[in-house]
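J.: Residues per chain, in single letters:
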Amino acid sequence: MDPYREEILTHYKHPSNYGDLPDATVTVREANASCGDLIELSLKVVDAKIVGVRFKGVGCALSIASASLLTEQLKGKLISDVARMSERFVLDLVGVEVSSMRTKCILLPFRALGNALKTFEKR
Amino acid sequence: MLDVKKIRKDFPILSRKIHGKPLVYLDSSATTQKPRQVISAMDRYYRRHNANVHRGVHTLSGEATEMVERARASVARFIGASSSDEVIFVRNATEGVNLIRYAWGEQNIGSGDSVVVTMMEHHSNFVPWQQLAKQKGAAFKIADVTDDGRLKIFDESGSMQQVDGAVVGTLEDLLDERVKVVGITHVSNVLGTINPLSDIIPLVRKKAPQALVVVDAAQSVPHMPVDIKRIGADFLVFSGHKMLGPTGIGVLWGRRELLDAMPPFLFGGDMISEVGLSDTVWNRLPWKFEAGTPNMAGMVGMEACCQYLRSVGMQLIRQHEQELVSYALTKLQVFEKEGFLTLYGVRDASVRGGVVTFNVAGVHAHDTAQVLDSEGIAVRSGHHCAMPLARRLGVVATVRASFYIYTLQEEIDRLADGLLKVRRVFKV
Ligand SMILES: Cc1ncc(COP(=O)(O)O)c(C=O)c1O
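Chains as they are written, first to last, in full-length UniProt numbering: chain A, 1 to 123; chain B, 1 to 428.
These are computed hints drawn from the structure, not numbers from a lab.
Hints should not be assumed to be uniformly reliable.
[Stated by the list, open to error] Partial list, derived from the structure: chain B residues whose beta carbon lies under 8 Å from chain A:
no.	residue
1	364
2	366
3	367
4	370
5	382
6	383
7	387
8	390
9	396
10	397
11	425
12	426
Yeah, the Cβ is synthetic: ideal placement off N, Cα and C, and Gly gets one too.
Looking at chain A on its own, in the form it has when it is part of the complex:
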């Protein structure tokens, strides 16, 4: 499928949940070493439920759209449900077919999420 269909470009130009989350429970940073792209993801967790989520960073259309789409899925979900999300789920959510190198772009926000959950558990 065309990687730059309208929906992806809209999420790239006007991402949901972009910005800071001042009262975040966890904030993590994740970088894509191959291009230097960086995402910062913040979650606010109350009673094992995600009640707030924000991200920011520099990235390509695919990583920003992926972060936008993924964060839309997180609000109101139980941590235990989010922990069961798979890479496949994110790839289907974004719904484009790209090379393995670009797959890393799409999965950057997902890797940040994995990190955030680990950090949350360790607290």
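Assemble the complex: chain A is given as a structure, and chain B with the ligand must be docked to it using the hints.
T.: Structure of chain B with the ligand alone, referenced to chain A:
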């Protein structure tokens, strides 16, 4: 003038289609394509002459030994080295720098010394020196670049600064008696800037008489005439795969007195002349630095690519690339004026290798590269293994189109058309 159409017939890969469109290969700075002369020289070696070198009495071993040593002589001639003994075969430019770092740097750098590099180094001539300085407690100093990516050589803007724990300033200001090594690239792989080594090296000799000069020639030896004697460096490295040759083979050239005084880098077979139970006598140059069975086919491929380049003519290759870069800059400057593209690096093609670097406004370099790929155009996007330079230019990633002897002017037109597609897709 190069007969590019004729040259292209030597490169089988250039007839490939990508997504149904003729391949436009604009990523030669990363690695070049290979002519059939190189491919078949290596093929012939494996089919007819293969045997381990240096230690066999039999005919094949003799042939193989002769072939690799002839290859060394051919490389020496190609760069104007006075002796093949000064030509050490390594895996690539990166390994060449690391060889110097370990064999020379380990013994010659200490606390109180300074190590100088430039802001436009590829990581391969940056990280080894940064880490050496860190381990030895030496000062690490970085010669800055201007906003358009030229090295700040002479004291123009002055002031040295401390940035992230490293000293950054004009090259001249960083040089003094404590400097033991200066690592400098001949041509920037990101911006194509050609550094005026004929100004720089005499300046280093004058102000930092103790310093050795390590030249990264990975982007100059393939693209322009390079004469070791004229450059006057102490060490120089380059990679075969960036000059029509195979991967896995590169060259470290060093001044004989320095190489003679250095201990080996790797130990094992071939690098010895006599092994006793408690001590070993090293082999003489160049084999002292070539432990183990070498990349014989790679060396044969090196000879073939040197021969190919010599027959085309290095001066003509440089001229061709200068014309291409001038043409590309003119085209892209039109887009820049329209405000949909930012160009990086010097605008003067006479001091710029065959590289143009840019970003489309509001579009990430990877996305631009992806759209161009859908048109069959191969460009590179990212930090190009030069993160300090990217940061200095205030960007995370850029798009780079790089040219070589097989690049046609029409392909730059295809690039420009591809960029118009990027503009349409992203509604810039
Ligand atoms: C200027 C420069 N130096 C060094 C290198 C490293 O070459 P290699 O990866 O072959 O060791 C490159 C290649 O990307 C380069 O462009």
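J.: Hints broken by the structure, by number, lowest first?
T.: none
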